[in-house]
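So the protein sequences, as listed, match chains A, B and C.
Under the working numbering, the first sequence has 1153 at position 38, and the numbering climbs by one with no breaks.
Under the working numbering, the second sequence has 434 at position 304, and the numbering climbs by one with no breaks.
Under the working numbering, the third sequence has 88 at position 71, and the numbering climbs by one with no breaks.
Calculated directly from the structure, the hints in this document are not laboratory data.
Don't take each hint at face value.
[Stated by the list, open to error] Straight-line Cα separation of at most 25 Å, SDA-like style, residue types lysine to any residue; simulated pairs:
#1 K1192/A to N188/C
#2 K247/C to G466/B
#3 K178/C to M158/B
#4 K1178/A to G466/B
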Amino acid sequence: MKSPTSLAGRLSRVSFLILVLIAAWTMALSIGEAGPPQPEKAVRGPCVRDAEWMRRNHMDFLKHKREETVREGIAVKSESFLACAGCHQSRERFCDRCHAYAVVAPNCFECHQYPK
Amino acid sequence: MLSEFTAIPGRSLAFWRMVGAMLVLVLMGAGAFFYVEHHGHAVTGMNNQIVWGLPHVFAISLLVMASGALNMGSMSTVFAVKQFEQFGRFSAFLSIALLVGGLAVLMLDLGRPDNMLLPMVYMNFRSMFTWNVFLYTGFMTLCLLYLWTMFEYKQYKKLVGTAAFGWRLVLTTGTGSIFGVIQGREVFGSAITAPTFVAISLTSGTAIGILLLVHTYRRTGRQLDDKLIFGMRNALIFFLALVAYLLIVEKFTRFYDPSSYAVESWILNGPWAWLYWLGVWGVGVLIPLVLMFNREIGNSVGGVLVASGFVVAGAFCFVAHTLLAGQSYPFDLFPGYVTSSAFQDGVAGSYVPTLSELFLGLGGVGISGLIFLLGIRFFRMLPEKAVAPAGWELPWTP
Amino acid sequence: MTMDRRSVLGLGGAIAAGVALAPGLHLIAAPADKSTPETAPVRTGKRWAMLIDTTRCTADCTECTQACRAENNVPLFGDPDRDIHWIRKVELRDQNRRQAPISLPVLCNHCENPPCVHVCPTEASFIRHDGLVLIDKHRCIGCRYCIIACPYKARSLVFYKTRPPRDANPNVPIRAAGVVEKCTFCVHRIDDGKPPACVEACTKANKGAMLFGDINDPNSEISQRLLKEKTQTIRPDLGLKPHVHYKGI
């Protein structure tokens, strides 16, 4: 191993430092809005599953449901996308905002409709 | 007998220019990919009758050539033609380069390239494509192992090389079967299609090997014994005869069955007949044979190079003809009736390729070329001096 | 640090070997969920089929195709080579032009031996328990092998990106570009106990040319009529056992 005194070594250290500073700075700026955005409250309830459970597991739940619905023909209307909209009226406030925050982009709505 | 294997120096401007040209092709391919991705496949020439177009012609040609490029290696490892042993590394490496380029085009032309890993998660073993997932990755693995044994563990070379040879036969049979066992399309219903693909891979793989080998040696100022090239010429002649034989036998079996008269007259006399006669037969078989049988041309390296160029172009024509003539043949849903509808029932499909498809295909060529150039630049792929063993005489010359 | 070239080659081999082996591993565990009565699978022993009476179908009528487009949100792009057709009207003329032309709808035949399902690498095309041949678009990679394999031209690739029409039927998802799609026999309506939209439209228009039902039930109207009347399927010689039967050709 060469000791990192070369120009390249120094440059990479400096750029790493700059990156750390930028990260700290952005974090400091966003302290005002701590935590993930709260999804829209349901206009009625209860949800098909416990709300806390849904928050953690809705993606697996939906994936599991889609296999069952499409391939097995077990279409449970009360647990479909369309039924979500019965209680959570805005896709923007219920789904998109949090997905944007978490930087995940599921492509459900390329095909599925979320009724208004 | 073997001289030292070395990497090419690759310091000249001409080398980096070639790398640059390949990079440009790759960028063109990437551009075409994003363009098609953004607008949907509507911007290609493909339609609901011809769903596999120019990108697939490029991809399948590259894949067929990839398996054929292993020839030079197999000749020495499997068939003990020792004078080609020195090209074993080159041959296995060229296979990998061509395979990667072809697969890239195939993957990037998917309707949902974002789902391209799904075939590895869900498998349907009745589908040739599922088999291809294993056949292609397996072939690549074997080629890499083959290379590795040639570099380091010579005692396993025979074993791995033979496995790779067997695998490549299965691989190309698989690729050809896609166009041989489709019951619903009359043109894709011949058991001889798969063996013909194998024969085409033998010709085109040998030809591209000759082309790249001679050019590499010439441009790096290394010594390459002409006799070796003429040995490959003889192999190429034999492979071309095999292709001609299979093409004729196929027609023979088809014409024995009156129910395929309509299909056959479509192929021999229909809208794609020019590609069959001029491309598959003319460019692919007859012209190179005539050239190589000519006493003057056939006995010059330049002439063999020209013939090899024709053979590669002919393989491309063969794949194009198989795909395009096969798909554009009208469906006969109601035999005995003339059909018409808003969905082109009873009408031959039409296909005009677009630039984006050409660029995507060329992108695959660029990937292969880039891998090849960098490979011979950084690895010891080729012997410094390629000479035929002393006392080896060609059994035949034109 | 530099790796010598041999170890780079070896590493490449190892990676390729990993790629070759990886497909054998199951990345997604089978779901284990208790089935409540509401979620019982559709293993009803039904086998859906259709009977089309071409003697009652007329060339000027497009009720079935229109109803299909409305029900399933199937757009018309105005690009005849690339339009999506789940059901289309085909006109047949005998080669000598002695008989009057026959007009009939052609749609997915929901074969018992569907070549599209056989060639699909990801099992995106599959046969449901009640015999429907469906496409799981979540799995479709858009390779179009199924379009090559289907002899009925029942499948279309989605060539264009689309948005849902304003009056879209929310029960049927719209389409992502790059997947293959086809007639589903209106699976969402079947699960609600209703006949496919085309059949309903044909009946409403007083044509009565289309009949839908369960051929595993010997007392269903379709079973009875298939027993009594002379019908045929398209290209029976291919051995696909299609389940759209035609009368009058």
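Hint by hint, here is what the structure shows:
1. K1192/A to N188/C: 10 Å, holds
2. K247/C to G466/B: Roughly 19 Å separates the two Cα atoms, so the pair holds.
3. K178/C to M158/B: 23 Å, holds
4. K1178/A to G466/B: With a Cα-Cα distance of about 48 Å, the restraint between K1178/A and G466/B is violated, given a limit of 25 Å.
Hint compliance for this structure: hint 4 is the single one not met.
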